[in-house]
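The opening residue of the sequence shown carries number 2 in this note's numbering; numbering runs sequentially from there.
Quick caveat, the hints were computed from the structure, so don't treat them as lab data. In this text, all values refer to a predicted model and were calculated from it rather than measured experimentally. Heads up, some of the hints might be wrong.
[As the list claims (entries may be wrong)] Straight-line distance between alpha carbons at most 30 Å, and here's what the computed DSS-like set of lysine-lysine pairs gives: (1) Lys168 with Lys225; (2) Lys92 with Lys261; (3) Lys164 with Lys174.
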Amino acid sequence: MQRRSFLKQAGLGAVAAGAAVSAPALAQDSPSLSWRLASGFPGALDLRVGAGQAFCKFVSDATGGKFTIRQQADGEIAPAADLMDAVGTAKVECAHVSSSLYFAKNPAFCFDSAVPFGLDASRMNAWMLEGDGLRLTRELFKAQKIVNFPLGNTGPQMGGWSKREIKRATDLKDLKMRVDGLAGQVLAHLGVAPQQADLAKLAEAVEKDGLEAVAGTGAAEDAKLGLNKVGKFYYGPSWWAASEQLSLYINEEAWTKLPKHYQAVVEAAALAVHVKTTAAFDARNPAALAQLAAAGAQVRAFPRSVMDAAFEAAQQVYKELNEKDAKFKAIYDSYMGFRDNGMPWFRLTEGAYDQYLGVALSARS
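Throw the hints in and build the complete structure from the sequences for me.
Put into structure tokens, the structure is as follows:
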């Protein structure tokens, strides 16, 4: 199976611990190749951009400079929204993106990234690499002439920023919120008015368009993007993205033509950088949250009633999508089945441990 191959080959990353595989270990006739990787992330999101850079460096180091991949800045090859097509048509050999961006093309692509009430980072890894995730998403991407690999995960996310205090589900009615994709569709069921706005022009959108809220990601990225300019109330958790997997897209023909040992290096590089990027997000977000709170952010948890209403709205959206598309339903059944089957174990272990530790530390402070 594809996921087994990915894990087997990725063992290189663990053995080398991110260091280069020596050039003599490669065949002497290894071709010199030069690719480009199009980044789908703005420079301010340095952990995402850095993941692409680290991947490129790993491949070059591991092949003794024979196989180089040069990362291109966001928008240099094509806008992020067009990178799936750019890779599929071989305009560029590969790209680093979040598959949630392509919701309008096919909502099922979101399973390669994040969906409402979905998997956290560790369980996403388990579904992709030990469950059927990689197989099912690769079947989906095959029609786009793309081979996909996990390449980073943001870990836990926050819900977002709001001018309004949200005490009940009715407080969401007519809330002008920058949000799109599956999250936007679910929130629309709750009365939210989804908006499109350039993150670089948030202040203008607030002043001229009456923007009242914006979906966030993690504290570190929200701070970098200045999302706290929209409102002072900072809500979590992000029920629409318990984690967000980032993905490497490779043109199928370009991938097939790679020598097998180069394919092995790419797989190892992707997994090594995937793990390191997730760790980087987990390391940065706690300090960033404390800094945002110290600067005036009112950090709140979504009330249970709001979470319940969102959960029910999500089930309605999934029902509609499942009825429309059998392929969406096949991935949905695997993904959510994996979530549900694992819940008793994680609730008894991680969930109970975190709940106890939170209470115990609060009692000591």
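Status of the hints after comparison with the structure:
1. Lys168 with Lys225: holds, 27 Å
2. Lys92 with Lys261: holds, 23 Å
3. Lys164 with Lys174: holds, 13 Å
Every hint from the earlier list agrees with this structure, and none is contradicted.
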